[in-house]
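K.L.:
Each chain, letter by letter, is given below.
2 protein chains.
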Amino acid sequence: MKRYVCLICLLCATAGVLRAETGQDAWLRYAPLKNSVRAKYASLPAAVGVIGNSAVLNSARAEMIRGVRGMLGRTLRSENEFPRESAIILATVDSLKSIAPNLIIPEIGKEGFWLGGVNIRGNLCLVVTSPDERGVLYGVFGLLSRIAREEDIKLLHETQFPSAPIRWVDQWDNLNGTIERGYSGPSIFFENDNVRADLSRVSEYGRLLASVGINGCTINNVNANPRVIQDEFLPQLARIANAFRPWGVRLGVSIDLSSPQKIGGLDTFDPADPRVSEWWKKRVEAIYRYIPDFGGFTVKADSEGRLGPSQYGRTPADAANMLARELRLHGGILFYRAFVYDHNLDWRNPKNDRARAAYDIFHPLDGKFDDNVIIQIKHGPIDFQAREPVSPIFGGLQKTRTAVELPVMQEYTGQQRHLCFLMPYWKNILDFDLQSNGASTLVKNILAGKSFGTSGGGYVAVVNVGLEPNWLGHPMGMANLFGFGRLAWNPDLAADDIADEWTRLTFGTEQKTVLTISNMLLRSWEVYESYTGPLGAQTFTDILGSHFGPNVEASERNGWGQWHRADQNGIGMDRTVATGTGFSGQYALPVGALYESLQTVPDNLLLFFHHVPYTYRLHSGKTLIQHIYDVHYEGTQRAEEYIDQWRSLEGFVDEQRFWQILGRLEFQAGHARVWRDAICNYFQKISGVRDELNRVGNYPDRVEAEGMQLNGYTSVAITPWENASGGKGIDCAVSQGCTAVYRFDRGAGWYDMDVEYYDLNDGESNFRVRVNGQFIDEWVANNHLTARKPGADSSSRRRIKGVALRPGDEIKIEGIPDRDEHAGLDFIGIYASK
Amino acid sequence: MKRYVCLICLLCATAGVLRAETGQDAWLRYAPLKNSVRAKYASLPAAVGVIGNSAVLNSARAEMIRGVRGMLGRTLRSENEFPRESAIILATVDSLKSIAPNLIIPEIGKEGFWLGGVNIRGNLCLVVTSPDERGVLYGVFGLLSRIAREEDIKLLHETQFPSAPIRWVDQWDNLNGTIERGYSGPSIFFENDNVRADLSRVSEYGRLLASVGINGCTINNVNANPRVIQDEFLPQLARIANAFRPWGVRLGVSIDLSSPQKIGGLDTFDPADPRVSEWWKKRVEAIYRYIPDFGGFTVKADSEGRLGPSQYGRTPADAANMLARELRLHGGILFYRAFVYDHNLDWRNPKNDRARAAYDIFHPLDGKFDDNVIIQIKHGPIDFQAREPVSPIFGGLQKTRTAVELPVMQEYTGQQRHLCFLMPYWKNILDFDLQSNGASTLVKNILAGKSFGTSGGGYVAVVNVGLEPNWLGHPMGMANLFGFGRLAWNPDLAADDIADEWTRLTFGTEQKTVLTISNMLLRSWEVYESYTGPLGAQTFTDILGSHFGPNVEASERNGWGQWHRADQNGIGMDRTVATGTGFSGQYALPVGALYESLQTVPDNLLLFFHHVPYTYRLHSGKTLIQHIYDVHYEGTQRAEEYIDQWRSLEGFVDEQRFWQILGRLEFQAGHARVWRDAICNYFQKISGVRDELNRVGNYPDRVEAEGMQLNGYTSVAITPWENASGGKGIDCAVSQGCTAVYRFDRGAGWYDMDVEYYDLNDGESNFRVRVNGQFIDEWVANNHLTARKPGADSSSRRRIKGVALRPGDEIKIEGIPDRDEHAGLDFIGIYASK
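As you go down the protein sequences, you meet chains P and F in turn. Sequential numbering from 22 applies to the first sequence in the working numbering. Sequential numbering from 22 applies to the second sequence in the working numbering.
Simulated from the structure, these hints should not be mistaken for lab results. Bear in mind the structure is a predicted one, so any value in this text is a computation, not a measurement. It cannot be assumed that every hint is accurate.
Cut-off 35 Å, straight-line C-alpha distance, at most; resulting in silico cross-link-like pairs (DSBU-like, lysine-lysine) [said to hold, decoys possible]: (1) P:K533 x F:K533; (2) F:K118 x P:K175; (3) P:K533 x F:K55; (4) P:K61 x F:K175; (5) F:K533 x P:K855; (6) F:K175 x P:K855; (7) F:K471 x P:K533; (8) F:K855 x P:K533; (9) P:K55 x F:K175; (10) F:K61 x P:K855; (11) P:K855 x F:K55; (12) F:K55 x P:K55; (13) F:K61 x P:K61.
Simulated DEER-style distance windows between Cβ atoms [stated by the list, open to error]: (14) F:R809 x P:S669: 32 to 38 Å; (15) F:R764 x P:S669: 52 to 58 Å; (16) F:N101 x P:G709: 39 to 45 Å; (17) P:G138 x F:E661: 52 to 58 Å; (18) F:Y852 x P:E172: 26 to 32 Å; (19) F:R809 x P:E253: 30 to 36 Å; (20) F:E713 x P:G138: 34 to 40 Å; (21) P:G829 x F:K131: 38 to 44 Å; (22) F:S64 x P:S669: 24 to 30 Å; (23) F:T199 x P:E172: 55 to 61 Å; (24) P:E172 x F:T735: 48 to 54 Å; (25) F:T735 x P:H351: 34 to 40 Å.
Every residue, glycine too, gets a C-beta built ideally from N, C-alpha and C.
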């Protein structure tokens with residue numbers, strides 16, 4: 022029965038009516054079109070014919086039927102032979118020619134497709150064709166996307182092909198079912214150290230990937246468990262490959278380079294040792310016996326504690342090529358990550374600079390990598406920060422195939438609890454001209470192989486979808502996965518075109534919906550940057566742990582090299598050649614010179630390249646420190662505005678997603694304020710320069726929890742101090758619960774009240790609010806934020822509107838702890854109702 | 022924690038945003054008003070003060086806070102003493118005067134209220150006051166209803182009071198948890214022969230009743246289990262009374278008049294026997310010890326097999342007064358139902374007429390009933406039919422208090438699976454002038470006690486809410502409960518005002534919503550009547566069983582006296598004095614004369630009073646038989662139109678109720694067609710007069726299931742024949758499933774397909790449809806209709822839109838039976854797609 026479930030849903034749906042959606046269908050909803058729009062497709066043939074028989078072609082056919090049924094309410098007739106009537110024809114170019122030899126088909130790039138109306142044997146047919154089956158499937162998705170966006174399909178004559186061969190996603194899933202930097206539930210692949218019994222979500226994921234042209238997926242953490250390639254595990258891996266195969270998605274795995282020693286019984290994993298390469302040869306052969314179309318390996322080595330070739334004095338090229346040779350015999354690829362750096366850097370040495378590592382290590386190896394090796398490079402020289410310059414190694418590998426690694430999972434950009442649409446950022450990166458060799462070398466052209474004449478690399482995203490129905494926790498987060506696929510296919514697309522396309526597919530084509538959501542998406546990256554870490558300071562987050570909330574000093578005095586060098590006088594990493602680490606010298610001269618000079622470096626990367634005093638004046642004329650204050654207040658205000666923008670879509674978006682997204686946006690607005698206050702207070706204290714507008718540290722509407730009359734609650738210091746209002750919070754270790762009381766002393770009237778409380782990853786504390794004993798509000802802290810202790814990672818806002826208060830009123834918060842979550846509070850805010 | 026749940030929901034809700042609703046809150050949703058509307062209530066005081074302390078006043082206060090919180094997002098301050106600020110004051114007139122002795126308060130009728138703005142001790146207060154606490158509660162509901170409907174509350178000066186003292190509901194719940202003629206799940210009061218442990222739904226029901234001024238509820242089936250008044254049961258009854266008490270709803274129970282014999286150990290239940298009255302005296306005393314405000318008894322006796330005083334040659338008055346005397350000592354009421362008739366009438370005697378029974382039996386007793394006896398009279402002389410004249414006994418009891426009994430549960434009007442808003446009908450009844458004693462005596466004035474100078478009776482509705490979240494299965498069915506309460510309070514309200522009021526409260530105040538739903542409601546009774554039993558033929562339903570689907574002959578040749586006298590020549594009960602049963606003579610002369618004459622009898626009651634040939638010409642000029650055909654086709658068409666009307670409210674109604682109501686409307690449209698075909702075919706056959714438009718019996722787009730190529734399925738005759746297309750269906754007794762195949766022989770194109778299948782009350786059969794083996798649709802028959810066998814009560818329509826068919830296609834239905842439900846089919850319809 023199971024397999025019919027999705028069909029049933031589609032059949033129930035009818036023209037133009039909203040229905041609660043989990044988000045699981047993401048942008049492939051095939052929501053019913055309005056009757057008035059359906060007329061546009063009245064001439065669509067009633068049959069779909071597939072020439073040939075394969076898993077991928079069958080997917081293409083099923084998708085075609087599913088899409089038309091959902092959107093137009095019609096069930097296409099499925100034909101296994103060439104229909105003798107007007108039909109939609111799905112076929113590779115070769116098989117199409119075997120039936121209609123005289124058909125003129127335009128040239129189509131590999132994995133591309135052609136959509137066109139042609140007359141075959143006297144019947145007008147709509148042809149979807151490609152040199153390969155994968156391209157036919159992509160063509161079907163392209164055709165259905167046109168219908169979903171209500172575009173015309175008459176007189177169709179369209180050729181598309183992807184910009185680069187590598188269009189891949191990585192999942193950092195562990196075999197125990199957890200996901201490193203995964204924010205949306207457990208793994209869809211693994212649980213309890215095995216592959217899951219139910220792989221239906223894997224198949225659905227494959228469908229989503231295929232719909233935007235992604236053709237491969239590495240399914241396990243780059244910090245790999247060697248067991249994944251052991252004999253006993255291979256039948257399980259094969260099951261995942263089987264689930265992906267109908268969608269043309271090749272399976273990849275991350276491997277541990279030390280496996281020959283760890284699980285192979287050898288006393289070495291030296292890539293130059295013949296016993297080691299022989300061991301790998303056998304592994305690769307075993308894998309291909311189970312998975313004939315296996316995609317390849319991803320390698321993280323000599324990085325963050327992972328063992329690597331350096332242990333034997335070998336280079337990444339030695340290790341990569343040893344593996345690549347074996348894979349090449351079967352058509353496999355080796356991804357070698359350029360994220361290699363010393364994580365025990367001495368922070369006291371001002372010349373040390375983690376940003377230099379990739380170039381320093383990989384540039385000398387250019388030309389030494391085999392042709393089925395892809396060097397996988399994070400977009401910036403550090404690590405997925407909200408703003409970094411393009412990694413210079415893209416210009417430093419001219420005889421090597423390279424792929425850019427992009428963070429769909431928003432590791433440092435809000436972790437899907439904050440809206441942060443990364444396309445504008447990624448477009449900056451892909452369109453950036455590194456000007457290598459004195460010529461124009463845009464990053465996207467380097468990746469495509471055009472700039473330096475390689476056979477082309479491409480695009481890898483770290484996605485980390487989980488078992489949550491909507492894949493990424495935040496339905497809006499899926500715009501980054503969609504956009505990644507679209508850019509990998511065609512990096513010339515504009516960010517606003519992608520936003521428009523995704524919104525239409527995900528939320529429908531009403532103009533108000535499209536404009537509102539597109540506008541929110543397109544501003545969201547800069548909004549996020551402005552209330553977190555502006556001016557290229559990278560991030561002010563807790564880089565040692567969560568990567569989520571603020572923690573300015575976490576990025577100082579550590580071995581990880583993620584530094585901003587903030588002190589009482591100024592801030593920024595001097596990465597100039599003249600006086601700093603010399604990093605800017607890794608760029609071709611025109612680019613390096615731009616960054617080297619304080620006059621020409623763009624404000625938004627100022628602190629990445631230069632250390633300047635807080636009183637330094639930006640191009641805007643504003644001082645650096647005032648700019649930091651101002652953008653944090655502005656960004657927080659803009660995050661607050663998302664709420665009303667979203668609310669305006671009442672009745673335009675189904676309720677389930679409407680409320681879920683509203684909840685995320687409300688959290689974000691509250692959390693932006695936590696960020697704002699932490700960063701502003703920190704820098705006001707360290708710089709000694711006060712906010713000209715006197716906002717920072719002045720919260721006349723707040724009552725600190727630690728200053729209330731406490732019963733059971735105890736005051737606790739929050740670390741770092743700036744992460745809590747007043748540096749402190751309160752904590753209830755009494756299982757029956759505690760109370761905090763405040764006697765209101767302002768004028769009588771209507772007020773709104775904020776309760777800032779701590780929602781940890783364990784426990785579901787209960788909170789109640791009473792005024793003069795009268796029950797006012799109650800909630801449960803069940804958002805399960807990743808934090809294990811009270812602080813900025815767990816700080817959450819409850820807003821209670823419209824409370825009648827008068828002088829002398831007793832406001833009482835009751836907190837009942839649960840497990841390790843101690844019903845913690847930071848402050849209450851009391852604001853006159855608007 | 023439980024008790025906060027509803028508050029939490031309200032607090033989450035915010036201005037003007039749709040959220041899925043179960044319908045449990047019915048018209049008391051207190052949905053957030055739009056910000057622009059909220060401004061209108063900005064001056065609402067911030068405090069609510071209650072003078073006095075009682076369960077009912079506390080309900081009033083809590084409701085005031087809840088309503089304002091929900092709609093305006095403000096939490097009123099709750100004060101226990103007289104506030105020294107502007108406040109909303111809830112108080113009885115007496116307690117208000119004790120605080121503000123000089124306040125001028127208008128005269129207010131019993132249980133009425135006054136809303137007004139007054140200055141008390143220098144503060145402008147909004148006063149809700151009444152002679153009694155119940156009236157204060159009603160006033161709060163009245164005030165909140167005004168806000169919910171976005172009416173102004175400035176300069177408020179409004180007095181309201183109810184039209185009649187008796188405003189009561191009956192529930193026909195059995196102690197085992199079933200409900201006789203209950204269509205919405207099990208009892209909220211009983212399960213397993215005891216009162217339910219969880220009475221939260223009882224409390225919520227009390228709140229709904231109070232909100233429309235209903236002050237009593239008889240909780241058990243009129244076919245009563247004597248155990249309900251036994252000692253051991255009384256503590257349980259008291260728990261129900263406790264749940265109702267805060268809402269001012271008095272508890273009543275139905276009793277079995279033979280209890281002294283059945284459970285009392287006496288050898289008689291003769292009301293004239295002193296041992297019997299002594300036994301009842303003790304019972305009544307015992308009840309009042311547990312429930313000091315007990316409401317009273319409801320009695321069904323000498324009716325449909327229930328024992329009664331006739332067994333001892335005593336009259337209803339003898340029985341009623343014996344009980345009433347005991348109740349009167351404690352303030353109780355006795356409801357004696359006038360639904361007394363011989364259910365073993367000889368149908369062969371043309372003078373026999375059940376319609377006469379109430380008048381024949383009760384008119385002679387007028388003046389003999391004690392003053393705390395209410396004679397409870399069904400609105401018409403038969404039994405809740407879709408169209409009946411007003412029962413003449415209302416004019417025949419001039420010294421007796423009477424109450425009208427109305428069927429909120431839609432026993433004969435679609436049982437909440439069909440939309441049928443009964444206010445237009447009930448208004449006809451209440452506004453009907455019986456012209457007794459040569460004067461104007463409108464039914465509503467008789468009930469109020471005005472016409473004949475009694476102390477007033479009132480209104481009783483049979484409601485039969487169940488544990489389904491939305492109370493009556495169909496969210497729209499609740500309009501009948503609301504309307505009942507509003508008419509009992511004020512019978513001068515117009516049906517369209519009630520529809521408007523209910524719609525605004527239940528679905529919001531958008532003009533489009535209000536107009537669309539009001540329009541659907543207001544036409545729905547006549548639509549239902551037209552596709553079931555028009556012209557006063559009463560009903561053509563299965564009166565012996567379901568009272569739901571068509572069964573023309575069920576109303577003939579039975580002892581129940583529910584006859585229409587249809588034969589090959591004509592149809593109708595001759596109830597004239599001149600040639601018939603003489604029933605029309607029970608009305609005062611002007612009314613009786615109107616009905617007596619074929620010239621003056623209204624068409625819509627023609628067949629109730631007269632037997633006429635099929636070729637009889639109506640006032641419209643149309644023949645009777647053609648009228649029957651035409652209105653069935655028109656009514657079915659109008660039921661079909663509801664679907665698009667409702668669909669137009671996409672985004673205006675929350676999704677949960679939107680889809681549930683759409684499902685009910687789709688069922689109704691399909692079932693209307695079943696009714697149409699059964700009635701039209703029956704009368705075409707019996708009359709021999711063909712439909713002038715040749716529609717009846719001609720279904721060129723249908724394929725009979727019994728004519729398909731069957732594998733496993735067997736043909737079965739459906740009884741009566743007209744209830745299935747072609748008189749037959751097919752049935753699958755093979756547990757693995759059966760198939761029925763049809764080879765399509767019409768032109769190629771897009772088609773819509775109906776599958777008419779049988780959905781019984783047991784089992785969930787599975788159906789699949791394939792075309793040439795290709796999967797097209799699947800569904801489960803899980804609507805749990807009340808029917809136990811295939812026929813018109815269980816016939817259901819599955820509509821499959823947009824199927825590509827061409828000549829020679831094989832259409833295959835696969836049915837998999839479940840338990841006693843045999844995946845039955847009647848026919849498939851295949852229509853060119855529009």
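K.L.:
None of the hints should be skipped; say for each whether it holds.
P.N.:
Verification of the supplied hints:
1. P:K533 x F:K533: Status holds; Cα separation ~20 Å.
2. F:K118 x P:K175: Outside the cut-off at roughly 80 Å; violated.
3. P:K533 x F:K55: holds (19 Å)
4. P:K61 x F:K175: With a Cα-Cα distance of about 53 Å, the restraint between K61 of chain P and K175 of chain F is violated, given a limit of 35 Å.
5. F:K533 x P:K855: Distance ~30 Å between K533 of chain F and K855 of chain P Cα, so the pair holds.
6. F:K175 x P:K855: holds (21 Å)
7. F:K471 x P:K533: violated (59 Å)
8. F:K855 x P:K533: holds (30 Å)
9. P:K55 x F:K175: Answer violated: K55 of chain P to K175 of chain F is near 44 Å, above 35 Å.
10. F:K61 x P:K855: This hinted pair holds, its Cα atoms lying about 14 Å apart.
11. P:K855 x F:K55: holds (14 Å)
12. F:K55 x P:K55: Distance of about 28 Å is within 35 Å: holds.
13. F:K61 x P:K61: Since the Cα atoms of K61 of chain F and K61 of chain P sit roughly 46 Å apart, the hinted pair is violated (cutoff 35 Å).
14. F:R809 x P:S669: 32 to 38 Å: Taking Cβ atoms as reference, R809 of chain F and S669 of chain P lie about 52 Å apart, which means the hint is violated.
15. F:R764 x P:S669: 52 to 58 Å: holds (54 Å)
16. F:N101 x P:G709: 39 to 45 Å: Distance hint for N101 of chain F, G709 of chain P is violated at roughly 53 Å.
17. P:G138 x F:E661: 52 to 58 Å: With a Cβ separation near 37 Å, G138 of chain P and E661 of chain F fall outside 52 to 58 Å, so the hint is violated.
18. F:Y852 x P:E172: 26 to 32 Å: This hint holds: roughly 30 Å between Cβ atoms.
19. F:R809 x P:E253: 30 to 36 Å: violated (56 Å)
20. F:E713 x P:G138: 34 to 40 Å: Violated - the Cβ-Cβ distance for E713 of chain F and G138 of chain P, about 49 Å, lies outside 34 to 40 Å.
21. P:G829 x F:K131: 38 to 44 Å: Since the Cβ atoms of G829 of chain P and K131 of chain F sit about 41 Å apart, the hinted range of 38 to 44 Å holds.
22. F:S64 x P:S669: 24 to 30 Å: Given a distance of about 27 Å, which is inside 24 to 30 Å, the answer is holds.
23. F:T199 x P:E172: 55 to 61 Å: holds (57 Å)
24. P:E172 x F:T735: 48 to 54 Å: holds (51 Å)
25. F:T735 x P:H351: 34 to 40 Å: 58 Å Cβ-Cβ, so the 34 to 40 Å window is violated.
Going through the hint list in order, the structure does not satisfy hints 2, 4, 7, 9, 13, 14, 16, 17, 19, 20 and 25.
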